[in-house]
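Chains as they are written, first to last, in the working numbering: chain S, 1 to 661; chain Z, 1 to 661; chain F, 1 to 661.
Hint data in this document are derived by calculation from the structure and do not stem from the laboratory. A quick note: this is a predicted structure, and the numbers were derived from the prediction, not measured. Some hints could be false.
Each pair may be met inside one copy or between any two copies, as identical chains are not told apart.
Below, computed lysine to any residue pairings styled on SDA-like, alpha-carbon distance capped at 25 Å [claimed, not checked]:
id : residue 1 : residue 2
1  : Lys160    : Ile238
2  : Lys160    : Glu102
3  : Lys550    : Gln625
4  : Lys503    : Arg364
5  : Lys155    : Asn99
6  : Lys127    : Arg107
7  : Lys160    : Asn311
8  : Lys148    : Arg198
9  : Lys155    : Gly100
10 : Lys264    : Trp223
11 : Lys388    : Thr282
12 : Lys229    : Asn411
13 : Lys232    : Tyr599
14 : Lys378    : Ser447
15 : Lys72     : Arg21
16 : Lys361    : Glu488
17 : Lys155    : Arg107
18 : Lys72     : Arg284
19 : Lys232    : Tyr260
20 : Lys550    : Arg364
21 : Lys550    : Thr282
22 : Lys160    : Asp622
23 : Lys89     : Gln101
24 : Lys525    : Pro543
25 : Lys155    : Glu102
26 : Lys89     : Asp163
27 : Lys550    : Tyr366
28 : Lys89     : Asp206
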Amino acid sequence: MNFDNILYGVAYYDEYMPYDRIDTDFQMLNDAGMNVIRIAESTWSTWEPQEGVFDFTHLHRMLDCATKHDLKVIIGTPTYAVPSWLARKYPEIIAVTHNGQELYGHRQNMDITNPDYLRHAQIIIEKLMEEVMPYDCVIGFQLDNETKSYDTCTKYAQAKFVDYLKEQFPDINEFNHEFGLDYWSNRVDNWDDFPDIRGTINMSLDAEYKKFQRRLVTDFLAWQADIVKKYKRDDQFITQNFDYEWHDYSFGVQPEVNQYEAAKCMDIAGCDIYHPSQGSFTGREITACGNIARGIKGDNYLVLETEAAGNHPWLPFPGQLRLQAFSHIANGANMVEYWHWHSIHNAIESYWKGVLSHDLKPNRLYRECCVIGNEFKKYGSRLVNLKKTNKFAVIADNASLTGLNEFKLNNESDSNYNTVFRWLCDALYLMNIEYDVIPADPALFASYDNILVPALYSATDEVLNALDAFVQNGGNLVATFKTAFSDEHLKIRSEVQPYILNKALGITYDEFTLPVDVTVTYGGKTSQARDWMEMVDCKTATPLAMYGHKHWGVHAAITENSYGKGKAMYLGTLFGEETLIEAFKHFFGEQTNEFAAEYPVVVKRGVNALGENIIFLMNYSDDSQSVTCQTGSYKKLYDDCAVNKGDVITLEPWDFVILYN
Amino acid sequence: MNFDNILYGVAYYDEYMPYDRIDTDFQMLNDAGMNVIRIAESTWSTWEPQEGVFDFTHLHRMLDCATKHDLKVIIGTPTYAVPSWLARKYPEIIAVTHNGQELYGHRQNMDITNPDYLRHAQIIIEKLMEEVMPYDCVIGFQLDNETKSYDTCTKYAQAKFVDYLKEQFPDINEFNHEFGLDYWSNRVDNWDDFPDIRGTINMSLDAEYKKFQRRLVTDFLAWQADIVKKYKRDDQFITQNFDYEWHDYSFGVQPEVNQYEAAKCMDIAGCDIYHPSQGSFTGREITACGNIARGIKGDNYLVLETEAAGNHPWLPFPGQLRLQAFSHIANGANMVEYWHWHSIHNAIESYWKGVLSHDLKPNRLYRECCVIGNEFKKYGSRLVNLKKTNKFAVIADNASLTGLNEFKLNNESDSNYNTVFRWLCDALYLMNIEYDVIPADPALFASYDNILVPALYSATDEVLNALDAFVQNGGNLVATFKTAFSDEHLKIRSEVQPYILNKALGITYDEFTLPVDVTVTYGGKTSQARDWMEMVDCKTATPLAMYGHKHWGVHAAITENSYGKGKAMYLGTLFGEETLIEAFKHFFGEQTNEFAAEYPVVVKRGVNALGENIIFLMNYSDDSQSVTCQTGSYKKLYDDCAVNKGDVITLEPWDFVILYN
Amino acid sequence: MNFDNILYGVAYYDEYMPYDRIDTDFQMLNDAGMNVIRIAESTWSTWEPQEGVFDFTHLHRMLDCATKHDLKVIIGTPTYAVPSWLARKYPEIIAVTHNGQELYGHRQNMDITNPDYLRHAQIIIEKLMEEVMPYDCVIGFQLDNETKSYDTCTKYAQAKFVDYLKEQFPDINEFNHEFGLDYWSNRVDNWDDFPDIRGTINMSLDAEYKKFQRRLVTDFLAWQADIVKKYKRDDQFITQNFDYEWHDYSFGVQPEVNQYEAAKCMDIAGCDIYHPSQGSFTGREITACGNIARGIKGDNYLVLETEAAGNHPWLPFPGQLRLQAFSHIANGANMVEYWHWHSIHNAIESYWKGVLSHDLKPNRLYRECCVIGNEFKKYGSRLVNLKKTNKFAVIADNASLTGLNEFKLNNESDSNYNTVFRWLCDALYLMNIEYDVIPADPALFASYDNILVPALYSATDEVLNALDAFVQNGGNLVATFKTAFSDEHLKIRSEVQPYILNKALGITYDEFTLPVDVTVTYGGKTSQARDWMEMVDCKTATPLAMYGHKHWGVHAAITENSYGKGKAMYLGTLFGEETLIEAFKHFFGEQTNEFAAEYPVVVKRGVNALGENIIFLMNYSDDSQSVTCQTGSYKKLYDDCAVNKGDVITLEPWDFVILYN
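So here's chain S without its partners, still in its complex pose (with noise of 0.2 Å):
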């Protein structure tokens, strides 16, 4: 989906002002070059304050006043959150989950399930789309917000449960030996017997019936898209707001969603991306969460939300907004939105700070907005839409995520399955190597040279064989440790590890420990084995790095291995970044760009809809740096002054350059 120029705009709650201001707020959003924002997500309550009694005041004032400022809407459909009338007529509407039936009162706590809710639901969606219609303002719709299952373990969740698993497994007998239910008396003969899944220890239970909930969530947005769809203009796009697993910030794959089977409903992605700031804005998150968002519908995506202060420890240095706002569009997004305008005066986000503080007043944020907005204005619809050709990719799986969740890696340590998802991304991203976040889906293998994979825990025969043959053919693979263990259940293979890929990758092991003291070196970088080691045994592989152990040093931390027309590498336990990358440049060569610009200088790159490649060279740290253009043409985007070879580009701390050709 293509825009004429970058969406860059707020969320906007009328319903939550001090007082009434609505025409001072939108004229400064229009000083500051804002042209978009996302209304009604939040407040069914307010729309609809008791049982059949509609409300959209606040509603018809936000789309009447943006209409005369000329702004953008996106209209989220408000079901996240439920009112208390609906909570107190139907008390099951709040979800029963691995903790008991849940309080009112939270946002995302009832059961996506429950058919009270559902009509419900779909009664004010359809009254907010015949109130929305008219407005032309209007150019998308937010179906829910970061929807998840809510770990919805309720009577009609379960049910459905025992159905989709009587469906896979009509004879109960393969059902029991697939799960393995006879270790600890846990057959079930007969499918009225299935217990309460919450008391299961069974991991391969547990991990589908967390599948299922994932199934729950595709379902969920796919009912909303058809209630949508029933009444919007084809002009206007469906998008979802998909958020990450939260580590204080957005880190990586989200386990609750299968979001490339939920997007299927969709027109374009969306997506929340919140990160640390101040000495600790590095643009990894808005790389590994942004790839991941691109990779959805292999397309451009839309930041609905970000941090302007943010959190407590957010408060960006002057600069950091900035540059911030310029890495989502240098990675193809097509939209940044801060999550929120105002900051708000009660309640549990109060200090989750938005671009105006509590004093409502313009500030420094502000001001650093009005500069960006502005230069989105000029530039905006030559950065728009820019196409990407990586020849990386990292595969993401949210089945070998509940994997790892299920059997961690270490008791000890909270390493998981995003720990070596973004180990690998990052040492992607700290050689200045783009990369695309894929999905395990063998159609899309043949795209690219390089296919990095974290952890495949659970796979398939068709996707090991997939890899197996993308390497026969030509590409190079990095594997990590626990890939290809246990099957689409999280069986364990009863065969040669790392199963199926043991040809590709040269090796064997069936041992398997806590690295004690073990070292792995490589390119004179040294850094501790952690949380998991295997021990490697070469077939036809070279190891690149044995274990610094006195009894593990027989066996290999990195191997290596020619196959069919490619290569194979292996990583056996965790390690280092900074050995990674060595091992990383030996095995893909020696990455090169332009300026041979290395971390902090950030180099991204793609193609507008004019054909110009757009570079960004882009400073995340607190020092002034320079690169040298060491070969091409180049025009500075803002006063189109040239950059040849030779040419020293200073960049100021927190700033960047756009150069094209």
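Place chains Z and F on chain S using the hints.
Chains Z and F only, in chain S's frame:
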């Protein structure tokens, strides 16, 4: 309320004794110079072993034997722990809290709004009063013990809460607006839909429920006082055993009780103060918590409980028990009572040790009690009822305390309101400045030259205007970060910060963050900023210290402003005690005393009923300390030796000297 | 009970296998010299997939194939994990515990007092017995597995508990007095009012309930034994798989079972011992836990489970599996059985790895098993039934263990009873002193010269008088802090401490505290006191070490007292292992062995049925070690080489030598 002599004694439990030894015990109390016991507050099930069956054997034994040994008695009403038969008959008496329904066993787990509880509590109080009224030795009554609402969230309590809200907000829309309930669809447009408060994510609502719970305590104690007053003689007092926020010991302002309100039905304030010992005995808690107690009624107070041996790490070094007792008196206490006489032989407090160890033999601590008691006997009539006239006051506000619990300064730290409160109190204490602790009551401000305001997060316009007037009229005000940020319902002000006070302080700010590697330097002392920092800009104020940081260094950490006839200091962050003391020395001027004594020598003073100035010089250290008289002419209380200018007083470790003139 | 040869084998689960390979597996067992399998204990739902429907296919496959391969079989009754149909039909079977009602899924979560559970358990045991009785290969029966009460607090269990109390206390007033229930109004003056035990704050009552729960285990196992005995042949034994307090591995005395009582219905003690490996393999757990097992029946024991690869950090270094196996035998075990043969492919123990990895191929560990098994084949008949005559005994008492859980030594640390137990055991072990572990049973004391008493917190007068008599009669007694402090109901003694033993020990104390910067020095070794220190005063005793502390230095940390014909040492605090060993060397005299071997070389010995003295010299380190024969004349078991005075024996890392004479 004035007393003839210091009350010195113990909590006594004849009903816990492994064998009959009351006469031995009371003779030992006599020998130690003790003159008071507190009894009866813990053992309803002893007095009423079955419904309507009463057995006051132990009570009469204690009262008869106290009469014989000339001991005064304080009677506690036994309502804070319920009998098993009562809980069995009315299971709803045991409170439902945020943790669900509690179980019988613990004390202080009942619903103080439950009508069955209240009816039976009234019966046992009345029966007890009838039994004790004939005894002359009974000098007063303690209502219940360390009363709280015990987080009751029962149907009774929640229904009262809705009534309480309705009364405040006849217009439900105003309620929704003030509490910001549009947020996340939390509106309540019909009082009947009011959801279980335990699920709320609205901090204004949660804080209001906590305020309501504090009111329940006030109402409950007033109800008990009315019952007691039907029986008691005019010469008998009513008190309560107020306690403090607990950080493994008594730390600061009590979150769950508005002690100023709750004490209105009482004659004298009472409290329990437990503090670290051994190398951690500093006198800080005896001072800070004692000053809170003295402020409750603006008069002397009773220390109804403090440690003899107490908890595992508290066994006092030689001399510390004596210093501890006199520290309370020096601070304005009229009573020192140990919890408890004997270490008990069963149940949860078996290792919270009393004066006697489990062997019930005279021991080291008992021998130290004998010294103390006989000194009190000799000199107590001149040490009791000491009146102080302090020029410094620190404000204590449990609404603001709740505010900082609802919105923590820093989720990674346990710093809270009392951290800030104690930061200011302890700096004064270490400077040898005595201070009062007062509520945020404008009527009290004019009595002081200097008012210190820790994080007055929740404040009405009236209070803030009064503080403004205080400065205009010549007062010295110190206010910390977070002051004036929200209104009485924790709705954040949508005006310039600090709201109202920005004029007196001469500053504003609209940004704040977590300080990372930020320093504050004043008077040559550098310390780390922590937990919270505001980006303070001086308008009319002078910065005393800017933040030590590349970017945040443009903002002030400590400011001073002349305003009207007074001046005001603002502290934008939390930093080291030593730096704060330097800033206080500048702001308040060097504070000298007649002995140039510096911590660990602490000077306290008061005026007794004879008009004598009593001065305590106390050594809180394991080394001997010497001070030299700078001015004036004094006598030592114990031997009437003269102390004049130039005389040196040497204080042994954990020892003290009392002077008068 | 004596055996012909060492039992060496695995737990085997045909019902868990991903495909049919039983013949391959049993051939591999034969090849490895293994001779026994344990089967059937975990899979009730396999044997009875629906109520009254039985399917013993896997059982017969295993028994038939075992017969064919000449393997002995131990049958486990499958009652520790219930089928889903049973839990569905009788939901109350799943226990209510301190955590509320458990959920179906886990093993060991049923109420062992539930009549429906017991009725169905009897049916499956009887059916199983009928099926297995025809098989000659079956040598014995394991009742249930790692049986506990699983903290059952159901109505059945609690009603039985009240009956149990009534029986002990016909007079309810005595009950109230002994348990101190006047405290906090906890009196029970009518048994019908007895409250839910889960809420109690009375440690005496809580400890009594834990004692009662241990009795439930004894009763349950006796009930199972009676059923099995109706069927079994005289040559078949009954055992149990007792386990230990778990600290990520088997650590010490089991809190939830009185193994001495529970084993009365059995023929031979069985246990599972899991221990750290790699650089943390010390032999301490094999010794301490093995000694507990040997003490249960005062005879050799079966190691029914131990690790092959086991948990994540345990993968053994080369040689360690062999040293581990022989360590068990050296300690008096007659059986070493791995849990389990194959690593399983689903559920919670998928990464608790067996001999075979998930690929089910011969591997490094299997090859090491082959060495072990064939050594056992050759020499086992001379290594089995090794009898020991130890002069040292350490007392193990789970009532005192419960006492130290009820009242922790130090809330900031996790030190508990087993910390103290292991402190004494491990000092002996490191001194190469073999010891027995015995219950606090006066009948056993006379067999020993030296008795060590870790924190015997809960003790009757009878036991304490017997320890007094032991010293009077010439024994050497070591007792630690906390010994003799309370009676059998955890009521603290109101007499001089240590109660009764103060005469034998020659000391008293009436104060204790947390040691802060306190040292203990003996024999030139200084260490920190930790967790608990008593202010010991010597009466007739001699202090060996005073506390290193300004104030507490007047009290003794280690004392020694001559009393009657014996002597007694008291340890007033917990301190470093090296200091303790120095004190023990003084108290017990230097302990020499024929090889002057010092840890990491460990010497163990026993006498076999041929009357040969068997001596193991074992090297628990990663370096080779040499010892020199000091006296005597031996032969090496494996090659009959002579070893005489002056001969040097070199032990490779993790290797051992067996001598005899």
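Cross-check of the supplied hints:
Taking the shortest alpha-carbon separations for Lys160 and Ile238, neither the intra-copy value of 27 Å nor the inter-copy value of 46 Å comes in at or below 25 Å. Within a single copy, Lys160 and Glu102 get their C-alpha atoms as close as 20 Å, and across copies as close as 23 Å, so both meet the 25 Å cut-off. Taking the closest pair of Cα atoms, Lys550 and Gln625 come within 25 Å of each other only across two copies (18 Å); inside a single copy the shortest separation is 44 Å, beyond that limit. For the identical chains of this complex, Lys503 and Arg364 are inter-copy neighbours only, at 22 Å across copies versus 58 Å inside a copy, given an alpha-carbon limit of 25 Å.
With identical chains, the CA atoms of Lys155 and Asn99 are at most 25 Å apart both within one copy (15 Å) and between copies (23 Å). Only within a single protomer do Lys127 and Arg107 lie at most 25 Å apart by alpha-carbon distance; the minimum there is 21 Å, versus 51 Å between protomers. For the homomeric pair Lys160 and Asn311, neither the shortest alpha-carbon distance inside one copy (39 Å) nor that between copies (36 Å) is at most 25 Å. When the C-alpha separation of Lys148 and Arg198 is checked against a cutoff of 25 Å, the pair qualifies both within a copy, at 18 Å, and between copies, at 23 Å.
For a Cα distance limit of 25 Å, the shortest separation of Lys155 from Gly100 qualifies both inside one copy, at 12 Å, and across copies, at 20 Å. Proximity of Lys264 and Trp223 under a CA criterion of 25 Å is satisfied intra-copy only: 12 Å inside one chain copy versus 61 Å between copies. Taking CA atoms no more than 25 Å apart as the test, Lys388 paired with Thr282 passes inside one copy only; the shortest distance there is 21 Å, against 58 Å between copies. Taking CA atoms no more than 25 Å apart as the test, Lys229 paired with Asn411 passes in neither setting, with 47 Å inside one copy and 43 Å between copies.
With identical chains, the CA atoms of Lys232 and Tyr599 are never at most 25 Å apart, being 45 Å at best within one copy and 75 Å at best between copies. For the identical chains of this complex, Lys378 and Ser447 are neighbours neither inside a copy (35 Å) nor across copies (63 Å), given an alpha-carbon limit of 25 Å. Only within a single protomer do Lys72 and Arg21 lie at most 25 Å apart by alpha-carbon distance; the minimum there is 19 Å, versus 67 Å between protomers. Taking the shortest Cα distances, Lys361 and Glu488 sit within 25 Å of each other only across copies (23 Å), while inside one copy they are farther apart (54 Å).
Taking identical chains as interchangeable, the C-alpha atoms of Lys155 and Arg107 lie at most 25 Å apart whether they share a chain (21 Å) or sit on different chains (24 Å). With identical chains, the CA atoms of Lys72 and Arg284 are never at most 25 Å apart, being 30 Å at best within one copy and 60 Å at best between copies. For the identical chains of this complex, Lys232 and Tyr260 are intra-copy neighbours only, at 23 Å inside a copy versus 61 Å across copies, given an alpha-carbon limit of 25 Å. Proximity of Lys550 to Arg364 under the C-alpha cut-off of 25 Å is restricted to the inter-copy arrangement: shortest distance 17 Å between copies versus 58 Å within a copy.
Taking the shortest alpha-carbon separations for Lys550 and Thr282, only the inter-copy value of 18 Å comes in at or below 25 Å, while the best intra-copy value is 38 Å. In this assembly of identical chains, Lys160 and Asp622 lie within 25 Å of each other by CA distance neither inside one copy nor across copies; the values are 54 Å within and 56 Å between. For the identical chains of this complex, Lys89 and Gln101 are neighbours both inside a copy (16 Å) and across copies (24 Å), given an alpha-carbon limit of 25 Å. In the homo-oligomer, the alpha carbons of Lys525 and Pro543 lie at most 25 Å apart inside one protomer (16 Å), although the nearest pairing across protomers, at 48 Å, exceeds that limit.
Proximity of Lys155 and Glu102 under a CA criterion of 25 Å is satisfied in both settings, with 14 Å inside one chain copy and 18 Å between copies. In this assembly of identical chains, Lys89 and Asp163 lie within 25 Å of each other by CA distance solely across copies; the values are 21 Å between and 28 Å within a copy. Within a single copy, Lys550 and Tyr366 get their C-alpha atoms only as close as 59 Å, which misses the 25 Å cut-off; across copies the closest is 21 Å, which meets it. In this assembly of identical chains, the alpha carbons of Lys89 and Asp206 lie at most 25 Å apart only when taken from different copies (23 Å versus 32 Å within one copy).
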